[in-house]
Amino acid sequence: MLGLFDYVDDLLEAAQEMKNAGYCITVFSPIPLGHEIEHAIGEKKNPLKWLTLLGAVGGFFTGLVFTLGTSAMYPLSRGGKPIFAITPTLLIAYETTILFGVLFTIGGFFLFSRLPFFGKRPNDEAFNIDSFGLMVEGVASDSEAEIGHRLVEFGAKEVKTLE
Amino acid sequence: MADQHTNKELTYREVNEDVVNIMTQTGPMYYLTVALFGTAAVLLFIFPWAYQIYAGQGVTGLNTPVFWGVYLVNFVFWVGIAHAGTLISAMLFITHTPWRRAVARSAETMTLFALMFVGLFVFIHMGRPWNFYWTMPYPNPRQLWVNFMSPLVFDVVAISTYATSSIIFLFFGMIPDFASLSHSMTGWRKKFYGVLSLGWRGTDKEWHVQTKATIFFSSFVMPLVASVHSIVSWDFALSKVPGYSKTVFAPYFVTGALLSGFAGVVLMLIIIRRSFPALKKYITAYHFDRIGLFMLVLSLVWSYLTGLEVLTGLYADNTFENEHLIYKILTTPSMQLFMLMIFSNTILPLVLMSGRIRKCTSAMLVISIFVLIGMWLERYLIVPNSLSRKFLPWMWHDYSPTWVEGSIAIGAFCGFITLFMISIKIFPIISLYEVKEDVGIPMKKGHGYE
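Residue numbers (numbering that gives the first Met the number 0), protein chains in the order written: chain A, 0 to 162; chain B, 0 to 449.
In case anyone wonders, no lab produced these hints; they're calculated from the structure.
A hint or two may mislead.
[Claimed, not checked] The list that follows gives simulated cross-link-like pairs (lysine-lysine, BS3-like), each with its CA atoms no further than 30 Å apart:
#1 B:K424 x A:K119
#2 A:K44 x B:K443
#3 A:K156 x B:K443
#4 B:K279 x B:K443
#5 B:K211 x A:K44
#6 A:K18 x B:K443
#7 B:K444 x A:K156
#8 B:K444 x A:K43
#9 A:K43 x B:K204
[Stated by the list, open to error] If you want the footprint, here are the derived chain A segments under chain B, 3+ residues with CB under 8 Å:
#10 5–17
#11 26–33
#12 42–52
#13 69–77
#14 84–93
#15 102–113
Beta carbons are placed, not taken as given, at the ideal position from N, Cα and C, and that holds for glycine.
The task is simple: from the sequences and hints, build the whole structure.
If you want it as structure tokens, here you go:
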């Protein structure tokens, strides 16, 4: 079931009750609700930070291997400078740390938000413009009327039953 | 719904409609302006470059010992212009500065096109642009590997990292807006933005990951900004050339880059505000006031570092350094250029101490143009000027750019404006979801709006 709301506090109260009743809920919004939603339905966790860290650390070592490896394979003496020089090696590693960190972060974003996805999924055009939505999953057919009624009581301007 | 920075009554739907109108409703003047700048870019940028490729680098004013001329001045200048976009979107995001929301997208777009010209100027400078891939480290049958000890290679790595990160950051930030636009538009645009939105729906899970990723991106991009222009400065500072070999160059270049970048942002914001009056609701005098303060502080820091650059050179009392300083500060025409630079970057920005001037767009326009000229001159006075007085007098040679170099420099501006104007019609110039955040969260009771 999908409820459309104009006001976030109405939506979050409904979300809280549906979650406490054991339903699986999804909130839709045109803007990030951040702390408001965490306060109402609990903090979400995902391992994006670990993936980002992995990318950054991996990038650092890739930079080291790249520069030091090149120096080892092509040992050219340049003006008495050391073959394995610390400063330029760390500079390149610094940049590759950032590059790989960014690449892993965008990869993680796609992975954990399950994008891109071009198939059909429950949605409403207004969610990306000016409405807020609450999707309640796992509602038995004999409870649909009751849940729909409850959502309207919370302030939903429209309630749809999804197939 | 009251927007805290505009004091105008706005709704989420109105924000959408305004952006859609900016993108879809194009008057004949807009087409004419794009056509004029586009033609100028072809005539002043593409043709002279083609001529240079055909005739060789001899058509430039580059000659022993001045092999770094206007092309590299432009290279450094455009890197600087690129900096403010990332700073506004990343640093001000991390520090929870709300006024950045309305101006961040246009500044990021500016960064992207500025970086494009950064890359182009390197290839224009090098000659034989078809061999551009020789700068990249890759296995090849000649067993040639780039020299990782060279600051020029630091540059390739830093700028390609910066360009990659900026493109990702820009596209990533636009995904929710693409979804919003695909639902607000019709025809090919609906399909186009539908594909670009990648199936974004705005679920709590998507926003959660998006917010976290934005924090990580911002955290990565901030040190990148500092590193990129520091590395650009080391192209010069790691050499022994008088005028180049300065330990202060990294902070000096970063400060200058940010100053010119903010001037570029102001100039561009004023132009788009005048082109699209609907934007006046979003980009207000308050934004110019804040950016003006940044420019004032950066101008003071830049002035201090300029003084430091000159005084440390004098303090060293090195014959070659002294000769370079005399040439830069006391010899015509460098002396006049130096004075114009000081006027543009130090004296004129002092008027930004007045809040009334910071909020006056016409005054900000004039100051920004002067700062941009001043910052271009700063690079000119460093890059070819230092080489002109390189060590022993038998090496001295005055450099003056030819019409090819001048034309390509001006053509780059025309190309930049053309690309930016085209992008306004394809991509949202203000961040829809962030401006909606500025409008507030609709709450029936408690905080927010009713």
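Would you check the hint for B:K444 and A:K156, treating anything up to 30 Å between C-alpha atoms as holding? Measuring from Cα to Cα gives roughly 17 Å; hence the hint holds.
At least three residues with a C-beta closer than 8 Å to a C-beta of chain B: is that true for the region 42–52 of chain A? Check passed, 5 qualifying residues.
Chain B over the region 69–77 of chain A, status - at least 3 residues with CB closer than 8 Å: Check passed, 6 qualifying residues.
Annotated coverage of the region 5–17 of chain A by chain B, confirmed only when three residues or more have a Cβ within 8 Å: holds (count 5)
Checking one constraint from the list: CA of B:K424 to CA of A:K119, max 30 Å. Satisfied? 29 Å, holds
Is it true that the CA of A:K44 sits at most 30 Å from the CA of B:K443? 29 Å, holds
Would the pair B:K279 and B:K443 pass a check requiring their Cα atoms to be no farther apart than 30 Å? Measuring from Cα to Cα gives roughly 28 Å; hence the hint holds.
Would you check the hint for A:K18 and B:K443, treating anything up to 30 Å between C-alpha atoms as holding? 21 Å, holds
Check whether three or more residues of the region 26–33 of chain A sit with their beta carbon closer than 8 Å to a beta carbon of chain B. holds (count 8)
Within 8 Å of chain B's CB atoms, at least three CB atoms from the region 102–113 of chain A: coverage verdict: Answer holds; 8 residues pass the 8 Å Cβ test.
Apply the coverage criterion to the region 84–93 of chain A and chain B: a residue qualifies when its Cβ sits closer than 8 Å to a Cβ of the chain, and three qualifying residues are needed. n = 6 at 8 Å, threshold three: holds.
Hint consistency between B:K211 and A:K44 [alpha-carbon to alpha-carbon, up to 30 Å]: 10 Å, holds
Violated hints: none; the structure is consistent with every hint.
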